[in-house]
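Residue numbers (this note's numbering), protein chains in the order written: chain A, 141 to 325; chain V, 304 to 649; chain P, 298 to 829.
Among the hints, a few may not be true.
Claimed, not checked - Beyond 10 Å from chain A on every Cβ pair, some chain P residues (computed):
{"hint": "1", "residue": "Arg-324"}
{"hint": "2", "residue": "Gln-340"}
{"hint": "3", "residue": "His-388"}
{"hint": "4", "residue": "Ala-398"}
{"hint": "5", "residue": "Arg-520"}
{"hint": "6", "residue": "Ala-662"}
{"hint": "7", "residue": "His-698"}
{"hint": "8", "residue": "Gln-731"}
{"hint": "9", "residue": "Glu-746"}
{"hint": "10", "residue": "Leu-752"}
{"hint": "11", "residue": "Ala-759"}
To be verified - Pairs of lysine-lysine, DSSO-like flavour, derived with a Cα cap of 30 Å:
{"hint": "12", "chain 1": "P", "residue 1": "Lys-749", "chain 2": "P", "residue 2": "Lys-777"}
{"hint": "13", "chain 1": "A", "residue 1": "Lys-241", "chain 2": "P", "residue 2": "Lys-749"}
{"hint": "14", "chain 1": "V", "residue 1": "Lys-640", "chain 2": "P", "residue 2": "Lys-777"}
Treat the hints as calculated values from the structure; they're not laboratory data.
Every residue gets a Cβ at the ideal spot worked out from N, C-alpha and C, and that includes glycine.
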Amino acid sequence: MLQAILVITGLAITFGLLLGYASVRFRVEGDPIVDQIDALLPQTQCGQCGYAGCRPYAEAIAAGEAEINRCPPGGETTMVALADLLGRDPVPLEDQEAAEKPKSVALIIEKDCIGCTLCIQACPVDAIVGAPKQMHTVIAEECTGCELCIPPCPVECIVMVPVKPSLETWRWPSPDEENLLETGT
Amino acid sequence: MEFRPVTSPYLQADYSVSDDMLQVLLALVPGVVALTWFFGWGTLINISIAVTTALLAEAMAVRLRNRPVLPALFDGSALVTGVLLAIALPPTLPWWLTVLGTLFAIIVAKQLYGGLGYNPFNPAMAGYALLLISFPAEMTRWLLPEMLAEHHLGLYDSLRLLFTGQLPAGLNWDAISSATPLDEMRTRLDMNQMIDEIRQSPLWGDFGGRGWEWVGNWFALGGIYLIWRRVITWHIPVSMLLSLLLIAGLFWLIDPNTHPNPAFHLFSGAAIFGAFFIASDPVTASTTPRGKLIYGALIGVLIFIIRSWGSYPDAVAFAVLLMNMAAPTIDYYTQPKVFGSEEAES
Amino acid sequence: MSTVQAPIWEFYGGIHLPDHKAESTRRPIAIAPLPHRLVLPLQQHIGEMAEPVVQVGEQVLKGQIVAEARGRVSAPIHATSSGRVVEIGEHRIPHPSGLDAPCVVIETDGEDRWAELPAPWPDYTAHHPDELIERIHWAGIVGLGGATFPTSAKLATGEAKPIHTLILNGAECEPYISCDDMLMRERADRVIAGMQVLLHILGARECLIGIEDNKPEAIAAMRQALDDAGVSQARVVVVPTKYPSGSEKQLIRLLTGHEVPHGGLPADLGLLCQNVATSAAVANAVLDGQPLISRIVTLTGQGISEPQNVEARIGTLVTKLIAFAGGYTPALHRLIVGGPMMGFTLHNDHVPLTKGCNCLLAASAAESPDPPKPAPCIRCGRCADVCPARLLPQQLYWYAHARDFDKVQDYNLFDCIECGCCSHVCPSHIPLVQYYRFAKTEIWNQERERRKSDLARQRHEARLARLERLERERKERLRKKKEALEKKPKGATDDPKKAAIEAAMKRVAAKKAARQEAADGAGVSANTSSED
């Protein structure tokens with residue numbers, strides 16, 4: 141009886157030490173999880189997740205405070221990628237409708253702009269150029285389509301225009317996406 | 304003028320999966336004729352039962368899965384599964400066992416995994432394995448081959464036997480039935496008899512059991528036809544039979560008293576049938592050329608191991624099912640070298 | 298020159314196809330009439346889009362550059378006849394997407410007057426290879442076999458790695474296409490002349506001309522032209538007819554026995570490959586000083602009344618070409634640009650002829666039946682047997698179908714040359730190549746989005762840093778002000794007016810500095826209103 145206890149204890153201590161040593165010796169230096177999550181988010185900084193931007197959302201996910209399905213711009217792809225990274229189960233998107241919206245960029249209808257700079261202050265990625273009392277304009281290349289500039293505009297001169305597919309961004313449809321190739325009829 | 308866009312290539316070879324399945328059925332004909340010649344009507348009746356069950360089960364399962372029924376029926380895969388399973392079954396098997404095995408093959412082994420192309424295990428062998436494990440007595444009761452049997456069961460007698468279990472008046476099981484050569488060999492080896500002793504029995508022919516040898520030859524003929532028609536490649540049958548020959552030969556050389564000669568392994572049981580028609584099933588086998596060789600060779604080794612030391616006399620089903628599990632891994636590690644990669648390394 | 302057959306190696310995979318070339322080789326090459334309207338897409342090549350240098354309303358002459366090349370991997374676009382620029386804007390182009398793209402539209406004046414062209418250089422050996430490459434760049438020559446990679450950029454790779462053998466690709470392995478065949482039959486001397494220029498540029502010691510054995514007339518004509526030109530360092534090598542022998546890598550394997558290293562270029566083996574039509578275009582540019590303004594295109598298929606090859610100006614609308622060949626027949630089912638294996642269907646025939654368009658196949662339903670509904674993959678492996686890149690198409694399909702883009706790259710997706718052999722032989726009729734095209738463009742797209750989101754993250758972080766700094770500075774100012782106010786009662790001897798002025802000046806300076814910093818920090822934005 142005593143022998144058994146001693147053997148088991150001895151084994152436990154040996155393996156414990158081995159494991160402890162291994163965890164120090166073979167430690168994997170990886171990105172902190174927040175960075176990895178942040179890297180998967182689309183960086184629109186749109187706040188549709190309910191957080192102030194992509195990074196805060198990433199922090200919330202890492203802390204286990206937020207679900208992974210709250211990013212409409214990232215859509216299904218981002219959710220699945222997050223599920224993969226975190227080893228969680230994929231969940232349906234919270235706002236399916238928003239996720240299916242075509243990708244758009246903001247456009248300032250320049251003749252209506254009064255130069256109030258409110259949109260400039262709202263833009264999370266500094267993609268709007270302008271100065272007080274001067275017309276503003278959106279740098280379409282830099283715009284993430286977050287729509288945060290729309291509510292502050294006092295004259296409602298900002299509209300979202302869908303990004304036109306170009307030869308550069310065009311992609312072949314998957315044969316699984318039925319009938320996509322038959323649109324030319 | 305507007306056109307409906309479709310993607311290239313616009314030229315397609317005009318054959319389909321069902322053509323392949325048809326070729327397989329055609330290639331099975333000689334073997335089935337031989338089986339019928341030597342062992343009576345039982346195999347043909349089994350085939351009818353299994354095919355009917357397979358088609359009904361396939362149609363029902365596909366319907367339940369909300370997939371189009373007709374294409375699934377006409378691709379011929381259920382037909383082939385039914386025929387392959389029936390060929391593997393003894394010609395005396397009660398009808399409901401055939402039905403049970405086929406249902407398991409089609410519904411559990413095939414459709415539950417997603418239907419044709421998605422099943423990891425060979426459906427016919429899964430059905431066979433289920434029956435063999437659950438009903439060993441029925442599954443090992445074969446008939447005496449034609450040349451040894453004093454009584455031959457006619458079509459009516461065979462039907463009556465399979466559907467009601469009644470033998471014709473004046474006959475008992477002992478008069479018509481017999482173990483398979485492999486079974487016989489096992490039993491008597493277990494009784495510590497020598498090979499020479501065992502082979503005194505009239506059951507034996509030149510290589511394997513009488514009758515059985517010829518069944519093997521005729522299946523080989525069909526298999527070669529399949530290779531010629533490029534429905535299957537030579538890799539799996541050749542590597543499987545070769546490895547079985549080699550390992551059996553090795554042990555035979557070491558101790559010919561307790562290990563039958565390699566030709567016996569080849570021409571008894573389901574080795575040849577399995578090599579050309581079961582192991583080479585593309586869905587569940589390895590798909591790379593090197594992978595196929597490894598896959599086939601390991602099946603050959605497993606067959607020998609299970610036959611020699613396992614508790615079942617024949618082993619093709621188990622060997623194939625075990626290797627089905629290994630196929631994806633074999634594929635991953637045997638990818639062909641892409642164009643130019645050898646030059647890039649040198 | 299020698300008629301001794303060099304040894305031919307084999308390449309893995311490939312398929313035998315009915316060649317259907319006789320239909321379009323019965324007539325000589327016809328010259329398409331000058332159209333009323335020319336539509337010149339700015340992107341007719343791989344690389345950067347050309348930049349228009351003409352205005353709407355401007356008169357242009359034949360051979361005048363209407364759009365400049367942007368960088369080395371780009372090609373200029375020339376007016377292909379004289380006339381007036383009527384539009385610079387989006388127009389349907391021949392592209393699988395059916396999308397519009399920027400084009401220069403010219404209304405021709407019928408005079409077909411040449412612009413002033415650079416001097417012909419019949420004595421090209423007197424010119425440095427760099428000069429000749431510059432001339433070829435100016436001429437807007439791109440790979441005319443369909444790849445449309447700028448020829449000057451390809452030739453320039455020879456500078457880094459010495460080229461000992463030039464390979465001229467006259468294999469033309471795809472069914473139906475016969476433009477290179479006809480070019481070699483009728484204008485072999487031109488091809489050989491261009492080849493000599495290319496040999497001079499590259500300093501290569503020999504040239505192998507690969508032609509499939511189903512073109513005996515072209516082989517004879519090319520051998521004759523070599524004899525006539527007295528070229529000894531080139532020979533025609535007849536290769537067996539097997540698709541895709543005309544693919545660059547496969548042809549190199551056939552002719553030299555070497556495989557282009559994985560991830561490398563033919564230049565790594567000291568080889569460079571050019572299409573025969575490209576070679577003829579080089580002759581025009583160097584020997585005659587003419588830019589690339591026309592090409593030979595095969596018009597064929599049961600959907601066209603008079604199948605034939607025509608030499609047509611770049612920018613001619615497909616409808617005009619079809620009309621020239623007698624119009625459509627009732628059998629017409631679909632219109633394919635390129636061959637039946639690698640081409641794509643046009644959504645609409647109001648598109649211009651481009652530099653890379655070697656064939657218009659007006660296929661009947663019998664020639665190009667609608668694809669049957671795909672059945673499940675049974676992993677029969679026929680696709681792997683025919684894949685010239687030695688890939689495992691069945692595995693690629695599995696992962697592309699599952700959208701596992703990492704795994705699909707593990708199985709070397711990007712080595713796929715999209716030849717279509719796998720789809721052709723698939724008994725389940727799975728559109729395999731389409732899955733690979735989808736996966737490739739999807740991976741590129743994800744890469745682009747990743748870069749875009751990285752940029753957005755940087756900009757966002759820069760903005761947060763700037764806001765934080767501004768806030769810090771504001772607090773600092775407030776604190777100083779407070780301190781100043783607290784100090785005041787102690788030493789209240791100063792003139793309050795002076796102090797006020799000083800404070801105001803300080804404020805202005807601080808404001809200026811802040812504005813400066815804000816402009817620096819944001820680069821383009823001026824966030825001025827949040828300060829006061």
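Hints, verified against the model:
1. Distance to chain A confirms Arg-324/P as a non-interface residue, since its nearest Cβ pair spans about 32 Å, more than 10 Å.
2. At the 10 Å boundary, the C-beta of Gln-340/P falls inside the reach of chain A, the nearest C-beta of that chain being 6 Å off.
3. The Cβ of His-388/P lies farther than 10 Å from every Cβ of chain A, with a closest approach of about 12 Å, so its non-interface assignment holds.
4. The claim that Ala-398/P is not at the interface with chain A is violated, since a C-beta of that chain comes within 10 Å of its own (minimum 6 Å).
5. The Cβ of Arg-520/P lies farther than 10 Å from every Cβ of chain A, with a closest approach of about 42 Å, so its non-interface assignment holds.
6. Taking the minimum C-beta to C-beta distance to chain A, about 16 Å, the non-interface status of Ala-662/P holds against the 10 Å cut.
7. For His-698/P, the condition that its CB be more than 10 Å from all CB atoms of chain A is violated, with the nearest at approximately 7 Å.
8. The Cβ of Gln-731/P does not lie farther than 10 Å from every Cβ of chain A; its closest approach is about 5 Å, which violates its non-interface assignment.
9. Distance to chain A contradicts Glu-746/P as a non-interface residue, since its nearest Cβ pair spans about 7 Å, not more than 10 Å.
10. Distance to chain A contradicts Leu-752/P as a non-interface residue, since its nearest Cβ pair spans about 7 Å, not more than 10 Å.
11. Non-interface status of Ala-759/P relative to chain A is broken: a Cβ of that chain comes within 10 Å, the nearest being about 7 Å off.
12. Taking the CA atoms of Lys-749/P and Lys-777/P, the gap is near 42 Å; set against the 30 Å cutoff, the hint is violated.
13. Of the supplied pair hints, the one linking Lys-241/A and Lys-749/P holds, its CA atoms being roughly 19 Å apart against a limit of 30 Å.
14. Simply put, Lys-640/V and Lys-777/P have alpha-carbon atoms about 72 Å apart, too far for the 30 Å limit, and the pair is violated.
Going through the hint list in order, the structure does not satisfy hints 2, 4, 7, 8, 9, 10, 11, 12 and 14.
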